[in-house]
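Trainee: Line by line, the protein sequences are chains A and B. Residues in the first sequence are numbered consecutively from 0, following numbering that gives the first Met the number 0. Residues in the second sequence are numbered consecutively from 0, following numbering that gives the first Met the number 0.
In short, the hints are calculated from the structure, not lab data. Please note: incorrect hints may appear among the correct ones.
Unchecked claim - In the DSBU-like style, the derived pairs of lysine-lysine whose C-alpha atoms are separated by at most 30 Å in a straight line are:
(1) A/Lys40 x A/Lys12
(2) A/Lys36 x B/Lys305
(3) B/Lys126 x B/Lys305
(4) B/Lys123 x A/Lys104
(5) A/Lys40 x B/Lys134
(6) A/Lys40 x B/Lys2
(7) A/Lys40 x A/Lys104
(8) A/Lys36 x B/Lys134
(9) A/Lys36 x B/Lys2
(10) A/Lys241 x A/Lys202
(11) A/Lys153 x B/Lys2
(12) B/Lys2 x A/Lys41
(13) A/Lys202 x A/Lys153
(14) A/Lys36 x A/Lys61
These numbers were taken from a predicted model, which means no experiment stands behind them.
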Amino acid sequence: MYGIFMECWVSMKLFFGNPAQIILLIASAIYLTVTEKDIRKKLILGVLPLVVLAGFLVPVTKIVYVAAFDEGSDTYYRILWLIPMYIIEGYAACSLIFRFASRMKQRMALVVVLAAAALCGSLVYLNQYMSVAENFYHIPQNVIDICDIISPEKNEPRVRAAFPSELVHFVRQYDTDILMPYGREMLATQWDYYNEVYEVMEKPEVINAKELLDATRRTGCSYIVLKDDRKVDEDLVNYGLKVIESVDGYLIYADPVVIEEG
Amino acid sequence: MFKLLIAFPALVLWVLVVPFCIGLLFNFILPRHRRTIGITYILGFLSYMAVFEVISIACMLNVTYSAFTCCTVSFTIVSLFLGALGIARSIYLLKKRSLSCLTLFPGEAHPDIRDFLNPRSDPKLFKTDYTFESKVYWGIFFALLIFQMVMSVVMSSFDGDDAYYVVESLLAQQADVMNTILPYTGSSTSLDIRHALAVITMWIAFVARQSGIHATILSHSVIPLFVIPFVYLLYSEIARILFRSRQQVIPVFMVVVSVLLMFGNVSIYTPATFFLMRTWQGKALVANIVFPMIFWIFLWMMEDIKARRDYPGEGSGYARYDAISERRLLACPWIMLSLVNMFSGVCSSMGVIFGSGLIALLSLLLLVLSRRWTVLLGAFLCVIPNLLYLATYFSLFFR
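Only chain A is shown next, with the shape it has when bound in the complex (with noise of 0.2 Å):
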């Protein structure tokens, strides 16, 4: 029981990011509930999510939740979704600063409030995930130039291509008529599926193109994308691929025994 509560208290901490989120919800919490008077904002604000965040910590709840769920291990924080979170600290703040009398401390109460809230947190806007945008789609515009290549005409057929993983998340985002060997299942640890195009293009150092080809022509992929700098024990064009176009530092082979069959 003991190391299923040290899980949900890790849980916990993950959830929150830094011990000055924790505190900041829980003192809100409390505030509210010693202060309000109103006994149901009383209740909805100040007790409830503290018996929230206690049923978090109580190991029979993530017995029952991981017991429920597909993938409970994995999502149980969200049962803190559960705590308004933003209300509470948002109405116990405006209590606060309302307390004083005069106009101005109330002015400097707010800018503190402001000042502690952006301390304490993590401006969303400076994320390592989050850059400015290439373009409206979002998706990085070397994937767009790429796919503006190889994607078929209007009644043609679809297209298959092996792309490198860090592009498979995006590629099908801007053109579905652009089928692919393997995608962002590959990529996740956790489901740990097998493909044979993913075996020899992405896992080995050096690929080898013959087994490479061997792999992709058995599934039917009309175009390979390589990074110029991938490693390959041979050039693939000595097996018959043509290079159609480098975009970006990537090239871009077609494989004319695929393309003709069809």
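Guided by the hints, dock chain B onto chain A, whose structure is given.
Mentor: Here is chain B on its own, set in the frame of chain A:
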């Protein structure tokens, strides 16, 4: 350019106008002091999404070829019909009563001298004229809101789940299928039951098809422009109840909440992170729309208990307004809650289960505070959509 000229009005029509018109059709269920423009839109949007859920799931399960076209045509007809009825009802009311905004939205009224003098009226239920300082706070809040909206277009965030959800929308738009092609690779597959009933991806595809905008652009660059203000509309409604007697505090609350959300990226798990980095995904909508909405409706019901105690007698406290029947006053929030439950199913199957749990918890509190058995009845009736959703889910799962 021509595409944009067509796209923009279509977007406004399907995201704002049609839901609002549907709201106009049904806003008679709202107590008069809550019949505002904002709550009418919320009600309309929930009704619109409920209709979409029923039609899209029916098409997905029963139509083999061109399922998405069938869904699009059916939903277009039904929602336009409901919207037209809403407009017709509004015209009728405006002609019958007076040609004023307050005829349709009496909740937008400000108190006048009669309301202050009448011992049976409650001026707190009316809207407030804000002081200069409050207007400054509103200005700061709107600046933060616009900043967040602009950043949602200018900045792009990477999330692996987009390879699934966004591609589902795009497949519906481009290949006319509903969850029967594997998004990651493009292979055909049987209906993906785990995600299929969360038809928010299909609604995005519907708007994409009607507007002609690529579903990925719509998800990443357009939907946030709608969701972000919608979430803040909800927070402002919550604030209106929390600060009923001190409405000057509402803009301060809005500023604090918007800063908390903007600086809420303390981990990848927080609702704030989902709100501003994965705005278009069902999970983000559950965390930032569905759960706050459930809290809002329970705060509303708890406020009604207090109003009933403070001003006993049917329809009291509404002064300048017509009386509202006790039954309608009681039923309205539960109806709204049923619609919220349907919307949570649209967003995510997880939302259905979590939402039911949250409603059970809050109903228990409401029961204790109100000591009315009707709470149990309301709580049971409002989760019926969730029970039907789960029954459908499991019947498909074990088929």
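Trainee: All hints are to be evaluated individually against the structure, with a verdict given for each.
Mentor: Hints versus structure:
Taking the CA atoms of A/Lys40 and A/Lys12, the gap is near 27 Å; set against the 30 Å cutoff, the hint holds. The straight-line distance between the Cα atoms of A/Lys36 and B/Lys305 is roughly 13 Å, inside the 30 Å bound, and the hint therefore holds. Between B/Lys126 and B/Lys305, the direct Cα distance comes to roughly 19 Å. Compliance with the 30 Å bound is thereby established for this hinted pair. With a C-alpha separation of about 26 Å, the suggested pairing of B/Lys123 with A/Lys104 holds against the 30 Å cut-off.
For the proposed pair A/Lys40 and B/Lys134, the alpha carbon gap of about 26 Å is at most 30 Å, so the pair holds. For the proposed pair A/Lys40 and B/Lys2, the alpha carbon gap of about 50 Å is over 30 Å, so the pair is violated. Between A/Lys40 and A/Lys104 the alpha-carbon distance is near 25 Å, which keeps this suggested pair within the 30 Å criterion. For the suggested pair A/Lys36 and B/Lys134, the alpha carbons sit about 28 Å apart, so the restraint of at most 30 Å is met.
Annotation: proposed proximity of A/Lys36 to B/Lys2 is violated, straight-line Cα distance about 56 Å (limit 30 Å). Our distance criterion of 30 Å between C-alpha atoms is met by A/Lys241 and A/Lys202, whose separation comes to about 24 Å. With a CA separation close to 19 Å, the supplied pair A/Lys153 and B/Lys2 stays within the 30 Å bound. Using a Cα cut-off of 30 Å, the hinted pair B/Lys2 and A/Lys41 is violated, with the two alpha carbons roughly 52 Å apart.
Of the pairs offered as hints, the one joining A/Lys202 and A/Lys153 is violated, with about 35 Å between alpha carbons and a cut-off of 30 Å exceeded. Between A/Lys36 and A/Lys61 the alpha-carbon distance is near 34 Å, which puts this suggested pair outside the 30 Å criterion.
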